[in-house]
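A.B. asks: Chain by chain, the residues:
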Amino acid sequence: MSEAAVKAERAGGTPLLEVRDLRVHFPVRRGLLQRQVGAVRAVDGVSFEVRRGSTLGLVGESGCGKSTTGRAILRLVEATSGSVRLDGVELTTLGAGALRRARREMQMIFQDPYASLNPRMTVLDIIAEPLRTHRVVRSRDEAATEVARLMEMVGLAPAYMRRYPHEFSGGQRQRVGIARAIALRPKLVVADEPVSALDVSIQAQILNLLEDLQRDLGLTYLFVAHDLAAVRHLSDEIAVMYLGRIVERSETEALFAQPLHPYTQALLSAIPVPDPVVERQRRRLVLVGEVPSPLDPPAGCHFHTRCPYRMDRCLTEPPQLLERAPGRWVACHLDAVLRTLDQGPSVPTLPMVATPVTSLEP
Amino acid sequence: MLFEVKDLHTQFSTEEGVVRAVDGISFSVDRGEVLGIVGESGSGKSVTSLSILKLIPDPPGRITGGQILLETEAGKTEDLVRASEARMEQIRGDRIAMIFQDPMTSLNPYLRIGAQLAEVLVLHKRMRRAEARARSIALLKEVGIPAATSRIDDYPHQLSGGMRQRVMIAMALLCDPDLLIADEPTTALDVTIQAQILDLIQERREAQGVAVILITHDLGVVARMADRVAVMYAGRIVEEASAEAIFHAPRHPYTIGLKRSVPRLDVARGQRLSPIPGMPPSLARVPPGCPFHPRCEHVMAVCREKVPETREVSREASAGEPGEGKSAAGDAAAGATKATRRALHVVRCHLGDPALDTYHGHPTSPAPEAQQVDQPGGGAS
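Chains as they are written, first to last, in the UniProt record's numbering: chain A, 1 to 362; chain B, 1 to 381.
Derived by calculation from the structure, the hints in this document are not laboratory data. Where a beta carbon is used, it is the ideal one built from N, C-alpha and C, also for glycine. Among the hints, a few may not be true.
As the list claims (entries may be wrong) - Facing chain B, according to a computed beta carbon distance under 10 Å, are these residues of chain A, among others:
no., residue
1, Phe-26
2, Val-37
3, Leu-76
4, Gly-97
5, Ala-98
6, Ala-102
7, Glu-105
8, Ala-115
9, Ser-116
10, Asn-118
11, Thr-122
12, Leu-124
13, Ile-202
14, Val-273
15, Asp-275
16, Arg-280
Unchecked claim - In silico SDA-like pairs for lysine to any residue, Cα to Cα no more than 20 Å straight-line:
no., chain 1, residue 1, chain 2, residue 2
17, B, Lys-259, A, Val-286
18, B, Lys-259, A, Val-288
19, A, Lys-187, A, Ala-229
20, B, Lys-141, A, Val-286
21, B, Lys-141, A, Arg-306
22, B, Lys-125, B, Tyr-110
23, B, Lys-259, A, Glu-129
24, B, Lys-259, B, Ser-274
25, A, Lys-187, A, Arg-135
26, B, Lys-259, A, Gly-300
27, B, Lys-259, A, Arg-101
28, B, Lys-6, B, Gly-65
29, B, Lys-259, A, Ser-196
30, B, Lys-259, A, Ala-229
31, B, Lys-259, A, Arg-306
32, B, Lys-259, A, Gly-289
33, B, Lys-141, A, Lys-187
34, B, Lys-141, A, Val-277
35, B, Lys-306, B, Val-286
36, B, Lys-141, A, Val-288
37, B, Lys-259, B, Gln-208
38, B, Lys-76, B, Phe-27
39, B, Lys-141, B, Arg-112
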């Protein structure tokens with residue numbers, strides 16, 4: 001947790017971001033009259049909060065709804081139902097003017113630094129655009145001064161502010177995107193796969209930069225990514241999504257030490273570790289099959305089609321996300337998961353982090 | 001030795017001049033072995049795989065030197081660099097098969113997958129249609145496609161990404177190739193599907209003794225799969241050793257830097273990452289001397305002027321243990337040669353081993369901050 005988060009905690013502050021039962025359904029239309037024949041339930045009842053100055057990692061595989069959740073919070077897509085409160089202000093019902101003002105407080109960093117920067121604008125204009133829109137700067141000189149300051153903050157030489165995005169490498173373009181995102185001193189930054197398009201040696205540079213900016217500016221991050229190692233590095237808390245729902249949410253250390261939901265276990269065990277000796281000793285929980293279509297998700301627990309511990313109840317009754325142990329939220333009917341983890345046949349955790357879970361009786 | 005590349009050079013003529021995409025690389029891979037080739041964008045790793053199959057578009061590309069030696073069925077060696085296009089067509093898909101990152105580059109969107117699979121067998125094995133179809137269905141089942149008997153009549157777009165990747169693997173394995181080249185085979189896939197695909201490749205290696213060249217940027221995938229690892233940078237192999245040695249006793253500052261810059265799931269949290277400063281060079285503008293010198297924290301005067309030669313890391317210095325011997329039967333001498341080859345650790349760096357040992361003692365020493373401010377390059381990465 002960053003210092004800012006610690007301070008907020010001591011002050012007994014409310015979370016910066018509160019998401020309640022968020023749903024985003026995309027209608028599917030067919031035929032001449034474009035009648036709605038169904039809906040893709042991209043986000044299907046998601047609740048979480050993010051503490052001030054902390055980072056929540058939102059993870060899951062493609063199609064799980066993690067990116068849509070991030071976009072719905074910023075109202076880049078409209079929520080079908082549910083509530084999103086930023087600093088106590090309900091965002092989902094804001095009118096156009098109020099929303100524009102609220103956008104100062106929340107910004108996004110995109111995955112693809114090639115596609116998210118206008119190729120015909122100079123870096124100066126790209127970074128200055130939000131400053132001008134919100135009338136933070138009033139002249140070209142003022143804009144240039146502020147942009148120079150921002151470029152230095154993200155590790156770019158201000159001398160290059162009149163160049164175009166194509167003159168920069170992928171890592172540098174991502175720095176430009178970050179400079180633009182922090183230009184208005186937002187409270188919340190949603191970072192959607194900010195390093196996955198970058199070379200391995202560049203990813204660490206950007207992760208460190210995000211860390212520094214959080215410390216210096218007291219930023220709150222929603223970090224959306226599929227790379228669990230990067231997410232773990234940056235996040236204080238992690239929420240794991242599967243087919244539009246959160247299946248597990250926990251403080252980072254606890255989640256990796258002892259994943260409780262069978263899907264989290266499988267996900268962690270599927271990630272290869274860069275160490276051949278560790279790899280040879282690992283036991284894996286390999287999932288069969290693929291993620292079902294969000295157009296027609298399985299009834300009951302969405303994960304039941306691939307779950308090795310499936311019971312009759314799972315086929316019909318969707319499990320609630322419940323706090324099963326302090327700070328450990330799990331959506332699973334299986335009480336036994338908690339008890340049998342330490343002796344189970346396919347406990348997939350990494351060798352160094354396996355710990356017994358005797359204290360996790362519900 | 002099933003397959004050996006010696007001093008291979010591949011160049012491209014571009015507006016910016018001659019690009020040496022592959023600049024004198026050598027490696028080998030034997031039956032049942034997995035060689036991992038690791039590198040970032042612009043390292044030349046994908047040009048390497050295309051060169052092996054002679055799929056480099058000419059012009060602008062050309063293999064300008066070296067040998068690509070494949071052991072023929074008769075036990076002789078054949079140099080593919082000199083082989084005719086007609087001969088290459090016999091070899092591709094039959095003896096050497098390739099899996100790409102994007103299955104749609106090797107699947108025809110207009111043809112049912114059954115037709116595409118059968119075509120390979122008709123062409124290479126002169127099978128009749130019905131026989132080819134039966135064999136195709138059998139293989140689709142082997143690679144884990146449910147309801148293969150009906151899915152075989154699907155078009156590629158009707159399958160999910162993971163399923164398409166399986167179809168491509170099935171296609172690659174149809175003719176029981178001796179060598180499988182997998183170029184970022186799982187990069188586009190989710191981790192749970194990646195695990196299934198890697199298991200599948202592993203299984204074929206164990207069951208049929210297929211040799212695999214696995215090209216990837218993902219150190220985790222390499223650690224999981226490879227017996228030996230070659231690390232590429234700016235068109236050259238800068239270090240090659242057993243997987244154990246690459247991960248536990250790396251000698252090249254680039255390898256060490258790569259390893260340190262990746263966050264790991266199995267070590268304690270809270271440590272700051274140590275990135276390699278700067279960025280990989282554009283192959284059109286490779287720095288003189290050692291191409292890594294502008295990013296290297298141990299740079300010496302000689303590194304700026306002279307390209308380092310490949311040299312062997314002294315045995316005692318290399319803490320890596322040779323991999324477990326494969327079950328291949330052979331006499332003691334052959335076994336010993338194999339063990340020697342497996343333990344071989346080579347590096348292209350001017351820095352002597354003792355200096356690196358000191359370096360190893362301080363794994364958390366920060367990277368030089370002076371170079372943190374990047375200079376714009378021509379969109380190199």
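A.B. asks: Straight-line Cα separation of B/Lys-259 and A/Val-286 no greater than 20 Å?
C.D. replies: 26 Å, violated
A.B. asks: Is it true that the CA of A/Lys-187 sits at most 20 Å from the CA of A/Arg-135?
C.D. replies: Holds. A/Lys-187 to A/Arg-135 sits at ~18 Å (cutoff 20 Å).
A.B. asks: Measure nothing beyond the straight line between the CA atoms of B/Lys-141 and B/Arg-112; if it is 20 Å or shorter, mark the hint as holding.
C.D. replies: Roughly 17 Å separates the two Cα atoms, so the pair holds.
A.B. asks: May I ask you to test the interface hint for A/Ala-115 with respect to chain B, counting a Cβ-Cβ separation under 10 Å as satisfied?
C.D. replies: 14 Å, violated
A.B. asks: Holds or violated: B/Lys-259 and A/Arg-101, Cα atoms, limit 20 Å.
C.D. replies: Distance of about 44 Å is beyond 20 Å: violated.
A.B. asks: Holds or violated: A/Lys-187 with A/Ala-229, Cα cutoff 20 Å?
C.D. replies: Given pair A/Lys-187, A/Ala-229 is violated - Cα atoms ~25 Å apart, limit 20 Å.
A.B. asks: Verify the interface restraint on A/Glu-105: the C-beta must sit less than 10 Å from at least one C-beta of chain B.
C.D. replies: 28 Å, violated
A.B. asks: Holds or violated: is there a CB of chain B closer than 10 Å to the CB of A/Gly-97?
C.D. replies: 39 Å, violated
A.B. asks: Let's test the interface hint: is any C-beta of chain B closer than 10 Å to that of A/Ile-202?
C.D. replies: 6 Å, holds
A.B. asks: Under the criterion that the straight-line Cα-Cα distance not exceed 20 Å, is the pair B/Lys-259, A/Ser-196 satisfied?
C.D. replies: Holds - the C-alpha atoms of A/Ser-196 and B/Lys-259 are around 17 Å apart, at most 20 Å.
A.B. asks: Sort out whether A/Val-288 lies within 20 Å of B/Lys-259, counting only the CA atoms.
C.D. replies: With a Cα-Cα distance of about 31 Å, the restraint between B/Lys-259 and A/Val-288 is violated, given a limit of 20 Å.
A.B. asks: Can the restraint linking B/Lys-141 and A/Val-288 be considered satisfied, given a maximum Cα separation of 20 Å?
C.D. replies: Holds. B/Lys-141 to A/Val-288 sits at ~14 Å (cutoff 20 Å).
Hint compliance for this structure: hints 1, 2, 3, 4, 5, 6, 7, 8, 9, 10, 11, 12, 17, 18, 19, 22, 23, 26, 27, 31, 32, 33, 34, 37 are broken, all remaining hints hold.
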